[in-house]
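Put together the whole structure using the sequences plus the hints.
Number of protein chains: 2
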Amino acid sequence: MPQLFTVLTPQQAWSKLEPYLSPLERIDTVATSEGLGRVLVEDISSPVDVPHFPRSAMDGYAVRAVDTHGASEGLPSYLKLVGEITMGRPATVALSAGEAVLIHTGGMLPPGADAVVMLENTRDIDGSGIEVVRAAARGENVIQVGEDMLQGEPLLSRGSVLRPQDIGGLLSVGLTKVYVYGRVKVALIPTGDELVSPEEDPGMGQIRNTNAYALSAMAFQSGAVPIRMGIVRDNYDALKQAVQAAVEMADVVVVSAGSSVSARDMTADVVNSLGEPGVLVHGVALRPGKPTIIAFVGGKPVFGLPGNPASAMITFQLFVVPAIERLGGRSREAGRLELKARATRNIPSTPGREDFIPVRLEERDGELYAEPVFGKSNMMFALMRGDGVAVVPLQKAGIAVGETLTVRLF
Amino acid sequence: MPQLFTVLTPQQAWSKLEPYLSPLERIDTVATSEGLGRVLVEDISSPVDVPHFPRSAMDGYAVRAVDTHGASEGLPSYLKLVGEITMGRPATVALSAGEAVLIHTGGMLPPGADAVVMLENTRDIDGSGIEVVRAAARGENVIQVGEDMLQGEPLLSRGSVLRPQDIGGLLSVGLTKVYVYGRVKVALIPTGDELVSPEEDPGMGQIRNTNAYALSAMAFQSGAVPIRMGIVRDNYDALKQAVQAAVEMADVVVVSAGSSVSARDMTADVVNSLGEPGVLVHGVALRPGKPTIIAFVGGKPVFGLPGNPASAMITFQLFVVPAIERLGGRSREAGRLELKARATRNIPSTPGREDFIPVRLEERDGELYAEPVFGKSNMMFALMRGDGVAVVPLQKAGIAVGETLTVRLF
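These protein sequences, in sequence, are chains A and B.
Our numbering applies: residue 1 is where the first sequence begins, and numbers increase by one.
Our numbering applies: residue 1001 is where the second sequence begins, and numbers increase by one.
Keep in mind that the hints were calculated from the coordinates and are not lab data.
Just so you know, even glycine gets a beta-carbon here, dropped at the ideal spot from N, CA and C.
Watch out, some of these pointers could steer you wrong.
Restraint-style ranges between C-beta atoms, simulated for each label pair [what the hints assert, rightly or not]:
#: 1; chain 1: B; residue 1: Gly1275; chain 2: A; residue 2: Glu42; range: 46 to 52 Å
#: 2; chain 1: A; residue 1: Phe220; chain 2: B; residue 2: Arg1342; range: 32 to 38 Å
#: 3; chain 1: B; residue 1: Thr1092; chain 2: A; residue 2: Tyr20; range: 44 to 50 Å
#: 4; chain 1: B; residue 1: Thr1176; chain 2: A; residue 2: Ser45; range: 46 to 52 Å
#: 5; chain 1: B; residue 1: Phe1374; chain 2: A; residue 2: Glu73; range: 29 to 35 Å
Far from chain B by the CB rule (all over 10 Å, computed), these chain A residues [unchecked claim]:
#: 6; residue: Gln11
#: 7; residue: Lys16
#: 8; residue: Glu42
#: 9; residue: Lys80
#: 10; residue: Asp114
#: 11; residue: Ile227
#: 12; residue: Gln244
#: 13; residue: Asp269
#: 14; residue: Pro277
#: 15; residue: Pro348
#: 16; residue: Tyr369
#: 17; residue: Pro372
Take a look at the structure:
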């Protein structure tokens, strides 16, 4: 049954799909050290106190603070040197009144001591004792048990994407394994009678399949596992078979649609034939990218992206990347790096549609400028020359020279 | 021979090392489709014209523009329909005066035609002919040979880091292989008598080795291949042997120094014993990170980073990442993403030193705010809670609430 679709704003289009998306139930257990970029399935608290013994924050002498009270350059406190703390070993020397122990940064405070006097505030008396020339307060230069992190204190929350510091932090409390969401599998189906593989010499009327490769790299950058499927011709049964196989195998399906209207309609028909709810969006107020199709079939989001390479990349960034992040369990949008920059020239646009313009960024006198890179039909080359895409918002009729605009790195 | 070092500013410190760094001579040949993040060793121009045949930019009819001149709703031009262009095939139907051929977006313009009339501007006359209701100009809706990219036109320059669009663009002109700089190998040597491996339960006085893992993840993020070496004890000969092996095996060597002054001095002594020029920098006006050592030995940069986990990460970002990028052939700094944000509170600092403060970013009414995350001794946990680090410049005595500061994502 053919449905009538009105063109939606990008935000409206995303809202149609969003309610269908929830994190994958597939969970992996990975070594924390190999967890870079993976997403936690649960909140994590520290199983231990950090540090788990009182540590010295300085090179100096462990002392009883009370023994240094009143000490000054003119009237130093004399303390008897009774040993040295060995790094990596329990402090076995116990400190009595009037005694000091040599200690290094990170060394364990010996029993009886409650402060560390910095080396700079002491004088060595022929190896048997020291003079302290500045009084130490109780706890000075000492990191107490649990001061950095208490047992049970929240460490990371569900949906966090592991960064280098998270790997270091988890390992520091002994968490050498983590539960993370499975990687989102994204099937990429290039379609079109005109496509040949990149290795082939295209004849007259043919072009190379490049979308599957560019989108595959984008999927990889978003933490997904791309699955490049073979080229499908503009044939209803072949496309249906391919989409069906992709829906079974992958978590997200992306059809890079043929470029003609009939080829795009075929994508919509095939998707609708595969089950409810089928096509949710057919047409977005967007340039490039208007003929985008967004669907949900067999429990999986299915996207029909325009065949034009730049349109395919921009719509992938707008709709497929957020879907990957949602399925992948991320608690907040991660990689969407937006900068503000001033336009170096007027950029025309049409109200009622979001325009994405490749731009090159340039810093002058500490301010960022965006120079539009205009292309011809294949905007892929403009994206190659640019550093990002500037967004002309829906309601604006263009951007004036000097006006500030939002640029997404690309 | 012990040398006297003065503490340098971060910029001065980098300038000491920079003249020694040049791109690796090791070159890899990789499939373009697998080239994401790799760095080109040469300028690349297009070997072909794109498109290599005249293509239709629309669904419509290929015509001779002259046959449509004067056409209007009231006085349409009648053209005889003589065929259809099959996608992916050479156009074999040649067009004569008064004729039209059905064509799809991306189809090859047939010989004799010089324009495409959009479907919307035509009426079908019982399958044998069409009425054109709007005149077409020569070249209208046609993408000429080489219009997107001419043979010989520059495509990408030496030192470019391949992004998804670059992969797509290279493949679109048939460049399925590229020459790229070898991946930079970074050896990470954790040192310290107090270290145990993350799987072990640290006893009193011991802590887990986490720096090698966090820095290894950072190296990976910068496109390098991290090599984690075993824990080295605070012993001159053991450290010398490890650094020597690392210098032979890797392109960059990072010693995560023991935390005491004597352990750090040992690193400097070991490095100096291995050849000229040896230690270039010993101490940087930086917090955290003051005791950083920067050296060049056996043709390789060697870094002695502070043992404190957060100090190690921040100095790695400041000095080791740029070195990796330089050796890796990048023509410009890539990943240093800096944002501007307003401080939510006063941040004290000391003039004469660059301060790096973990911050959490928050957007309110379209403006970005940076909330400092204060930590205790182990700032790794502050880095975990933050989104980046704010930089308090060298000459400033702090940042006032509401003042704009630079934040590096971390």
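Structure-based check of all given hints:
Checked against the hint of 46 to 52 Å, the pair Gly1275(B) and Glu42(A) passes, with Cβ atoms roughly 50 Å apart. Take Phe220(A) and Arg1342(B): their Cβ atoms lie about 35 Å apart, and the range 32 to 38 Å holds. As the Cβ distance of Thr1092(B) to Tyr20(A) is approximately 46 Å, the hint placing it in 44 to 50 Å holds. Between Thr1176(B) and Ser45(A) the CB atoms are about 50 Å apart, so this pair conforms to the stated range of 46 to 52 Å.
At roughly 33 Å, the beta-carbon separation of Phe1374(B) and Glu73(A) lies within the given 29 to 35 Å, and the hint holds. With a cut of 10 Å on Cβ distances, Gln11(A) stays outside the contact zone with chain B, its closest approach being about 16 Å. A cut-off of 10 Å between C-beta atoms confirms that Lys16(A) is not in contact with chain B; the least separation is 25 Å. With a least CB separation of 16 Å from chain B, Glu42(A) remains clear of the 10 Å interface cut-off, as annotated.
Every C-beta of chain B lies more than 10 Å from that of Lys80(A), the closest at about 23 Å, which supports listing it as non-interface. Separation of Asp114(A) from chain B is adequate, the least Cβ-Cβ distance of about 17 Å exceeding the 10 Å criterion. Every CB of chain B lies more than 10 Å from the CB of Ile227(A), the least distance being 13 Å, so the non-interface label holds. Every CB of chain B lies more than 10 Å from the CB of Gln244(A), the least distance being 23 Å, so the non-interface label holds.
A cut-off of 10 Å between C-beta atoms confirms that Asp269(A) is not in contact with chain B; the least separation is 17 Å. The claim that Pro277(A) lies off the interface holds: its Cβ sits roughly 28 Å from the closest Cβ of chain B, which is beyond the 10 Å cut-off. Chain B leaves Pro348(A) outside its interface by the beta-carbon criterion, the shortest separation being 19 Å against a cut-off of 10 Å. Every C-beta of chain B lies more than 10 Å from that of Tyr369(A), the closest at about 15 Å, which supports listing it as non-interface.
At roughly 16 Å, the least C-beta separation between Pro372(A) and chain B is larger than 10 Å, which holds for a residue marked as non-interface.
Violated hints: none; the structure is consistent with every hint.
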